[in-house]
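**Student:** Each chain is listed here by its residues.
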Amino acid sequence: METSIDEREVELITLMLQRAVSEMSAEACEQCGVCPSACPVARHMETFNPRRMIAKISLGQIEELLKSPEIWTCTSCLKCKERCPENISPYDVILVLRNLAVRAGYPYPEGYDDFVKNVLDSGMAQQPQAVRTRGRQRRDRESLGLPPAQRPRDMEAFSEILGGIVKAGRSA
Amino acid sequence: MKYALYLGCTVQAEQYAYEASVRQVLPRLGVELVEMEGASCCGFPAFSSISSLGWHYLSARNLAIAGSLGLDVLPLCNGCHLSFTETQHALEKDPHLRQFVDQKLAQEGLNYSEGVRPIHMIELLHDIIGADRIEEAVERPLEGLKLASHPGCHAIRPSEMQRPDDPEDPTKLDDLARALGATTMDYPEKTDCCGSLLSTASGRTTLSIAGEKLKAVRDHGFDGLFTTCPYCFKMFDGRQRAIGATIGDRSLEVPVFYYTQLLGLAMGVEPEKLGLELNMSPVDGIVKRITGGSN
Numbered sequence: 059m060e061t062s063i064d065e066r067e068v069e070l071i072t073l074m075l076q077r078a079v080s081e082m083s084a085e086a087c088e089q090c091g092v093c094p095s096a097c098p099v100a101r102h103m104e105t106f107n108p109r110r111m112i113a114k115i116s117l118g119q120i121e122e123l124l125k126s127p128e129i130w131t132c133t134s135c136l137k138c139k140e141r142c143p144e145n146i147s148p149y150d151v152i153l154v155l156r157n158l159a160v161r162a163g164y165p166y167p168e169g170y171d172d173f174v175k176n177v178l179d180s181g182m183a184q185q186p187q188a189v190r191t192r193g194r195q196r197r198d199r200e201s202l203g204l205p206p207a208q209r210p211r212d213m214e215a216f217s218e219i220l221g222g223i224v225k226a227g228r229s230a
Numbered sequence: 002m003k004y005a006l007y008l009g010c011t012v013q014a015e016q017y018a019y020e021a022s023v024r025q026v027l028p029r030l031g032v033e034l035v036e037m038e039g040a041s042c043c044g045f046p047a048f049s050s051i052s053s054l055g056w057h058y059l060s061a062r063n064l065a066i067a068g069s070l071g072l073d074v075l076p077l078c079n080g081c082h083l084s085f086t087e088t089q090h091a092l093e094k095d096p097h098l099r100q101f102v103d104q105k106l107a108q109e110g111l112n113y114s115e116g117v118r119p120i121h122m123i124e125l126l127h128d129i130i131g132a133d134r135i136e137e138a139v140e141r142p143l144e145g146l147k148l149a150s151h152p153g154c155h156a157i158r159p160s161e162m163q164r165p166d167d168p169e170d171p172t173k174l175d176d177l178a179r180a181l182g183a184t185t186m187d188y189p190e191k192t193d194c195c196g197s198l199l200s201t202a203s204g205r206t207t208l209s210i211a212g213e214k215l216k217a218v219r220d221h222g223f224d225g226l227f228t229t230c231p232y233c234f235k236m237f238d239g240r241q242r243a244i245g246a247t248i249g250d251r252s253l254e255v256p257v258f259y260y261t262q263l264l265g266l267a268m269g270v271e272p273e274k275l276g277l278e279l280n281m282s283p284v285d286g287i288v289k290r291i292t293g294g295s296n
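If you read the sequences in order, they're chains A and B.
In terms of our numbering, the first sequence is residues 59 to 230.
In terms of our numbering, the second sequence is residues 2 to 296.
The hints are simulated quantities; they were obtained by calculation from the structure and are not laboratory data.
Check each hint, because a few of them may be wrong.
[Said to hold, decoys possible] Derived coverage of chain A by chain B (criterion: at least 3 residues anywhere in the stretch with Cβ under 8 Å from a Cβ of chain B; other residues may be distant):
#1 88 to 96
#2 111 to 123
#3 134 to 142
#4 178 to 189
#5 201 to 212
#6 218 to 224
[As the list claims (entries may be wrong)] Examples of chain A residues toward chain B, derived with CB under 7 Å:
#7 V68
#8 V79
#9 S80
#10 L153
#11 P165
#12 P167
#13 Y170
#14 V174
Note that beta-carbon positions come from the ideal geometry of N, C-alpha and C, so glycine has one too.
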């Protein structure tokens, strides 16, 4: 479906991202190490370290981060944000970096586009499916007596509005 | 007590045991659930990562639908609950964003309403209904069961977004389990993540993170784990076999429940009505213990 890109949307996204970047306050970071010690991913992946990310930002190496796969390996557990003694939120910084990376046209995991496509097509990220019981019998919403699934009333209008928002401000 | 029931993607599409048990137990405790016609995804986690504007639009859209019903909204997922709360803050803070969202919602004939409160399941059960009232409803106490509570990250963090329980020392799910007659115990891994949201980027790390927690729950001597988050449940219950294979622990057999399933069992609801046949983890032993084998 053709969706027009509204200049005002691009402006708004730019404004939001600029504000978020200015709120990153990476210079307040004392590199104390609370965030990587709380982080479940840092325990398993050497490449991922919220403290190092904040350091790179304060050194102005944002472009390098935008290109790196590591900004996509946060579990969103929010321990870093909760425990930072300087009230810095590596989690929110990562969300901003992801949004910036997408706008700049850098690669990101495929699953995100599938998720977005499903929402544009049906209003939800997943379609109701049949599941199995432990005894391998088939069950679905109807056989379990659950009411019909919800979706936007006017799917076409919904997907045109949302599709326009998603496309606004993307480089390609 | 009357709320707009927001299922969210995972519950509506596959986590039927949660929905079924919620629909069984809440009305018995005096809660009326109203369907949210026209609801859509909340936007978390994909839109928040790649289109923050799309994310806030989606969350605001659902809040607008609840508002049109004149009700507070009860999302069944930790992620959706945090998403709604974050969007409310963002719209309050940023008049440009608010104006944008209002304009987009108007195209579907919707109005954003500030007064809609996202109610968390833990808040509803613990703070609104109350452990005392739940205890009074118990017909089959879960005596002799030692259960590990798992609130899930977004139920407790970030504390600046009004979460229903303490970020470092959550106790409400434990209170709720004790109201059913079960025993609970604090454990060091209680506030740890299930790893779910990493599955898009690294499936193996996801399973390893979940494995650390499940293994700890078993090693601490718990009989089972319970939660109110469908993302976490899907990981610990549905993927337990894959988790065991990944961490090289084939004997990982931890029964996993939704709190509302345990509540239903304790209230005397038949296991089939609580979707207990849909749990993939080995729950039969505990279900038989509670029902006396009679079902």
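**Student:** Taking the hints in turn, state whether each one holds.
**Tutor:** Hints, verified against the model:
{"no.": "1", "hint": "88 to 96", "result": "violated (count 0)"}
{"no.": "2", "hint": "111 to 123", "result": "violated (count 0)"}
{"no.": "3", "hint": "134 to 142", "result": "holds (count 6)"}
{"no.": "4", "hint": "178 to 189", "result": "holds (count 8)"}
{"no.": "5", "hint": "201 to 212", "result": "holds (count 10)"}
{"no.": "6", "hint": "218 to 224", "result": "holds (count 4)"}
{"no.": "7", "hint": "V68", "result": "10 Å, violated"}
{"no.": "8", "hint": "V79", "result": "13 Å, violated"}
{"no.": "9", "hint": "S80", "result": "14 Å, violated"}
{"no.": "10", "hint": "L153", "result": "6 Å, holds"}
{"no.": "11", "hint": "P165", "result": "12 Å, violated"}
{"no.": "12", "hint": "P167", "result": "5 Å, holds"}
{"no.": "13", "hint": "Y170", "result": "5 Å, holds"}
{"no.": "14", "hint": "V174", "result": "6 Å, holds"}
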